[in-house]
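Engineer: These are the residues of each chain, in order.
Protein chains: 2
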Amino acid sequence: MLRISSLSASRLHDLRKFSNVIRRGKSTSNKVELTQVRYPKLKRGGFATLNDRHLTTFKNILPGRVLTSETDDLELFNTDWLRTVRGNSSVVLRPKTTEEISEILKFCNQEKLAVCPQGGNTGLVGGSVPVFDEVILSTSLMKKIDLIDTDSGVVVCEAGCILEDLDNALKDKGLMMPLDLGAKGSCQIGGNISTNAGGLRLLRYGSMHANTLGLIAVKADGTIVDSLSCLKKDNTGYALHHLFIGSEGTLGVVTKVAIQCPPAPKAVSLMFLGLKDFESVLKTTQKAKHLLGEILSSCELMDLECADAVEENMKIKLPLEKMPFYVILESSGSNSAHDEEKLNTFLEVVMGEGLVIDGTVITEPSRIKSVWHIRECIAEALLRDGYVYKYDITLPARNFYDLVPFFNDKVKEAGAIRCCGFGHLGDGNVHFNVTSSEFSYNLLGLIEPLIYEWTSKHRGSVSAEHGIGLKKKEFLKYSKSEAAIEVMRGIKSVLDPNGILNPYKVLPSIAE
Amino acid sequence: MLRISSLSASRLHDLRKFSNVIRRGKSTSNKVELTQVRYPKLKRGGFATLNDRHLTTFKNILPGRVLTSETDDLELFNTDWLRTVRGNSSVVLRPKTTEEISEILKFCNQEKLAVCPQGGNTGLVGGSVPVFDEVILSTSLMKKIDLIDTDSGVVVCEAGCILEDLDNALKDKGLMMPLDLGAKGSCQIGGNISTNAGGLRLLRYGSMHANTLGLIAVKADGTIVDSLSCLKKDNTGYALHHLFIGSEGTLGVVTKVAIQCPPAPKAVSLMFLGLKDFESVLKTTQKAKHLLGEILSSCELMDLECADAVEENMKIKLPLEKMPFYVILESSGSNSAHDEEKLNTFLEVVMGEGLVIDGTVITEPSRIKSVWHIRECIAEALLRDGYVYKYDITLPARNFYDLVPFFNDKVKEAGAIRCCGFGHLGDGNVHFNVTSSEFSYNLLGLIEPLIYEWTSKHRGSVSAEHGIGLKKKEFLKYSKSEAAIEVMRGIKSVLDPNGILNPYKVLPSIAE
Numbered sequence: 075m076l077r078i079s080s081l082s083a084s085r086l087h088d089l090r091k092f093s094n095v096i097r098r099g100k101s102t103s104n105k106v107e108l109t110q111v112r113y114p115k116l117k118r119g120g121f122a123t124l125n126d127r128h129l130t131t132f133k134n135i136l137p138g139r140v141l142t143s144e145t146d147d148l149e150l151f152n153t154d155w156l157r158t159v160r161g162n163s164s165v166v167l168r169p170k171t172t173e174e175i176s177e178i179l180k181f182c183n184q185e186k187l188a189v190c191p192q193g194g195n196t197g198l199v200g201g202s203v204p205v206f207d208e209v210i211l212s213t214s215l216m217k218k219i220d221l222i223d224t225d226s227g228v229v230v231c232e233a234g235c236i237l238e239d240l241d242n243a244l245k246d247k248g249l250m251m252p253l254d255l256g257a258k259g260s261c262q263i264g265g266n267i268s269t270n271a272g273g274l275r276l277l278r279y280g281s282m283h284a285n286t287l288g289l290i291a292v293k294a295d296g297t298i299v300d301s302l303s304c305l306k307k308d309n310t311g312y313a314l315h316h317l318f319i320g321s322e323g324t325l326g327v328v329t330k331v332a333i334q335c336p337p338a339p340k341a342v343s344l345m346f347l348g349l350k351d352f353e354s355v356l357k358t359t360q361k362a363k364h365l366l367g368e369i370l371s372s373c374e375l376m377d378l379e380c381a382d383a384v385e386e387n388m389k390i391k392l393p394l395e396k397m398p399f400y401v402i403l404e405s406s407g408s409n410s411a412h413d414e415e416k417l418n419t420f421l422e423v424v425m426g427e428g429l430v431i432d433g434t435v436i437t438e439p440s441r442i443k444s445v446w447h448i449r450e451c452i453a454e455a456l457l458r459d460g461y462v463y464k465y466d467i468t469l470p471a472r473n474f475y476d477l478v479p480f481f482n483d484k485v486k487e488a489g490a491i492r493c494c495g496f497g498h499l500g501d502g503n504v505h506f507n508v509t510s511s512e513f514s515y516n517l518l519g520l521i522e523p524l525i526y527e528w529t530s531k532h533r534g535s536v537s538a539e540h541g542i543g544l545k546k547k548e549f550l551k552y553s554k555s556e557a558a559i560e561v562m563r564g565i566k567s568v569l570d571p572n573g574i575l576n577p578y579k580v581l582p583s584i585a586e
Numbered sequence: 075m076l077r078i079s080s081l082s083a084s085r086l087h088d089l090r091k092f093s094n095v096i097r098r099g100k101s102t103s104n105k106v107e108l109t110q111v112r113y114p115k116l117k118r119g120g121f122a123t124l125n126d127r128h129l130t131t132f133k134n135i136l137p138g139r140v141l142t143s144e145t146d147d148l149e150l151f152n153t154d155w156l157r158t159v160r161g162n163s164s165v166v167l168r169p170k171t172t173e174e175i176s177e178i179l180k181f182c183n184q185e186k187l188a189v190c191p192q193g194g195n196t197g198l199v200g201g202s203v204p205v206f207d208e209v210i211l212s213t214s215l216m217k218k219i220d221l222i223d224t225d226s227g228v229v230v231c232e233a234g235c236i237l238e239d240l241d242n243a244l245k246d247k248g249l250m251m252p253l254d255l256g257a258k259g260s261c262q263i264g265g266n267i268s269t270n271a272g273g274l275r276l277l278r279y280g281s282m283h284a285n286t287l288g289l290i291a292v293k294a295d296g297t298i299v300d301s302l303s304c305l306k307k308d309n310t311g312y313a314l315h316h317l318f319i320g321s322e323g324t325l326g327v328v329t330k331v332a333i334q335c336p337p338a339p340k341a342v343s344l345m346f347l348g349l350k351d352f353e354s355v356l357k358t359t360q361k362a363k364h365l366l367g368e369i370l371s372s373c374e375l376m377d378l379e380c381a382d383a384v385e386e387n388m389k390i391k392l393p394l395e396k397m398p399f400y401v402i403l404e405s406s407g408s409n410s411a412h413d414e415e416k417l418n419t420f421l422e423v424v425m426g427e428g429l430v431i432d433g434t435v436i437t438e439p440s441r442i443k444s445v446w447h448i449r450e451c452i453a454e455a456l457l458r459d460g461y462v463y464k465y466d467i468t469l470p471a472r473n474f475y476d477l478v479p480f481f482n483d484k485v486k487e488a489g490a491i492r493c494c495g496f497g498h499l500g501d502g503n504v505h506f507n508v509t510s511s512e513f514s515y516n517l518l519g520l521i522e523p524l525i526y527e528w529t530s531k532h533r534g535s536v537s538a539e540h541g542i543g544l545k546k547k548e549f550l551k552y553s554k555s556e557a558a559i560e561v562m563r564g565i566k567s568v569l570d571p572n573g574i575l576n577p578y579k580v581l582p583s584i585a586e
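Protein sequence lines, in the order shown, are assigned to chains A and B. Each residue of the first sequence is one higher than the one before, counting from 75 in my numbering. Each residue of the second sequence is one higher than the one before, counting from 75 in my numbering.
Bound-form chain A, shown alone (with noise of 0.2 Å):
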């Protein structure tokens, strides 16, 4: 049994939510595979194995913090969100400082034990739980907000803050989170930057290297890597920071951040829009970066693929009728009157010149919220057909949509119930998804490697913004050089070279 009393509020409320969509789902009744049964050539790495002695330190270190599989149930620590991989822990740490954690990893270097950092494991590439027996460390009870500063717009907190806490807090002082994504009631900050997550807004504000101003990391030895600067400049040395960020907790663990955060805007207005074909999708993107300019926030796209799922899987009724693709624009501003002024005259044009078929306009914050509800369980409705291959790809605009035509009837007829594309339109990153009732080798074979090969020859990016985890790590070369990921290599010996910290990620194995 899970210890619930021992969890804090916010992780009772994940582990709910996760609760409902393993009872939902419709393959669910059995544990997920393990990861070692379903990747047979993933090898156990020759670390130490979890005795006695070590759980004696680990309780030393944290009193009644150490969860066994003894006298817990480990599982939702050892397995996805998606549910496609799931590892065989015992152990699960839950330190509530940076010395904590520095003292960990500093007995588990030293033991020559393997450790996976754990945030709200949220992720969708395998990286955020074990492979093998790791050890989990996971960052929830860091949840320490230290300081908003509201003179200067930025936050320093602790890495377990849950996002979408964060960015409540922040609207009490006029200040916003730069970043917005589906998990944010899960996903820890932690674990956004240690993944680069990218999410709705990016377009506007940029991504977690153009609003992280520092942190705090905790190297494979326990030692504390403090670059915790809260300053919008400062060219002192090597950007520390930016290594740690998306390095997914391969590199060390980090354990404190600080984030420069925008004004929340006194205008938000959402579109959703209905468009007849991909061209006119294309024509509506371009008019609109032109005619919002800088109060453009956010340009998504769903496909009538998507929509369905939502609909069917998840009983919301979509504000229009069926239509091949919706739009979602926001806009977000300082004058209410110049902004609404703005999205007249774009309305007008999409309208006007037949690009957009119908559409609503929404201002009422509440309902705001519900249509970004639509947009942002998308990934759930998916999940819930039973199995989901995910891709998540960046392409040139023009090749945005290209990947569902071409793959459709393939895996239609190998037995796929979906396949769909949506995703941050307006920074060319499509999430494309082929959904199944269970998993199946067949279907898999008929993507994989076929869609990375046709990404590396269209230039985009075989990972837009979910990372490489454990899931692409065989994939990396189709999108980084062979010298880069021999710098890479370089790097992670420097500052983990006993490979303890989340192995089997990231790096791709090294040909026998």
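By construction, these hints were calculated from the structure, which means they are not laboratory data. Nothing here was measured: the structure is a model prediction, and the numbers come from that model. C-beta: ideal position from N, C-alpha, C; glycine also. One thing to keep in mind: the hints can contain errors.
[As the list claims (entries may be wrong)] Simulated pairs of lysine to aspartate or glutamate, DMTMM-like, Cα-Cα distance not exceeding 20 Å:
| no. | chain 1 | residue 1 | chain 2 | residue 2 |
| --- | --- | --- | --- | --- |
| 1 | B | K363 | A | D246 |
| 2 | B | K551 | A | D300 |
| 3 | A | K566 | B | E415 |
| 4 | A | K363 | B | D246 |
| 5 | B | K566 | A | E560 |
| 6 | A | K340 | B | E415 |
| 7 | B | K361 | A | D223 |
| 8 | A | K531 | B | D300 |
[Said to hold, decoys possible] Distance ranges between label pairs, derived from CB positions:
| no. | chain 1 | residue 1 | chain 2 | residue 2 | range |
| --- | --- | --- | --- | --- | --- |
| 9 | B | S530 | A | A284 | 21 to 31 Å |
| 10 | B | T171 | A | T131 | 51 to 61 Å |
| 11 | A | S410 | B | F480 | 38 to 48 Å |
| 12 | B | D220 | A | E422 | 33 to 43 Å |
| 13 | A | G248 | B | D432 | 51 to 61 Å |
[As the list claims (entries may be wrong)] Incomplete in silico selection of chain A near chain B, CB under 8 Å:
| no. | residue |
| --- | --- |
| 14 | V299 |
| 15 | S301 |
| 16 | G311 |
| 17 | H316 |
| 18 | G367 |
| 19 | S408 |
| 20 | S410 |
| 21 | H412 |
With chain A's structure known, arrange chain B on it following the hints.
Structural biologist: Relative to the frame of chain A, chain B by itself:
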């Protein structure tokens, strides 16, 4: 003699500008003191000394593109723009391709020849010139623009492209460079990236970390590391290009870059405002951020002593009467009527509240350029006093101007001509400058290390945008923890194990 005929037109332009400064300056009759004389504690590393065999190899790799002290005047390549440091190199290499740079570095690494990569040589911390006899590797002949993609707003170009040339090329396509700085007529994009250049519009468009999509760099051993992604989102592996951004040529030589460029604004306005005290400056800045919101694109400050230097040394008349402080605000937007209304509201408020005493609003492009020139030429105006002690500090907004009153009396009593502050108010980045007729150890000793201790106490950065170079490396510790510096050394040892790339820069000396 410098072989003028072999230099490109643009480089010629730079050299002429440079010569003007040299002629006009008060203490420029002699060469600048050699760095090894001025900094007697610096010891030459155990590198090889250039010999005829080396020269023959260089001439084979770069036929007609090797300058030597025997036949050419290399003073301009050996001396920094501020005329504060001078190296003693006897060779300048001028490659045209990444492959040539690869061949050169491979050879230098094998031979243990130290190399100083050089762009436009406009750096202000002694990072862009040799310290002893390092081989100078100039990117000045690498000026090709490979691509301007108007759909995605991406420019791909070689490292030697001059910033202003790039901006002009983009303007024709409805785009702009996301950075702008006083040295734009000479500085090169490779140098901008290698130093993470900031400048006048960072407030709106972010740093080079926010805008650089990818790059090609050559490692010390000649390996070409191709991370030239042109995609806004690409989470495939470690953020290697961010590691080269701001590493000042010590980790690799940047040869090609991809930059995300914003659309050129349809409406630009400039306000030149006079204010009576720093309290009014702070309040005006807050009002600007609040009322101009998303259209604010620059927020700069200069004090009266800066204004005096511009009027006296550059013979440029300011558009307002004498005031203790001047604030320059720029707005850039997509709708001139909306922007004008926002500006009017802002002016009504700040004039009504007595924060701004006098001011002028300019919308005519050539007038905007000439008013910007006032701000941009402060550095040159101060240099014409003779010698400049230059500090580039980030501080919390409320402490932005404290350095000037703190140091003013001390340095004036010791013979300083001016003690002044200007810079990027909106980003908290103050340029604190003291001038004297010639270099004085006494004045230097009054300012350093006190200024760094003071900055550290106020949790500021000892280098906001200029970088560390040679001059600040011993002060890095005031902004970076020992553990962080240790990680920097580890990364340096992986990418450049022989330490041939820009030695004596960035990393502090190791205590003996």
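Engineer: Tell me, in ascending order, the numbers of any earlier hints that this structure violates.
Structural biologist: Violated: hints 3, 13 and 20.
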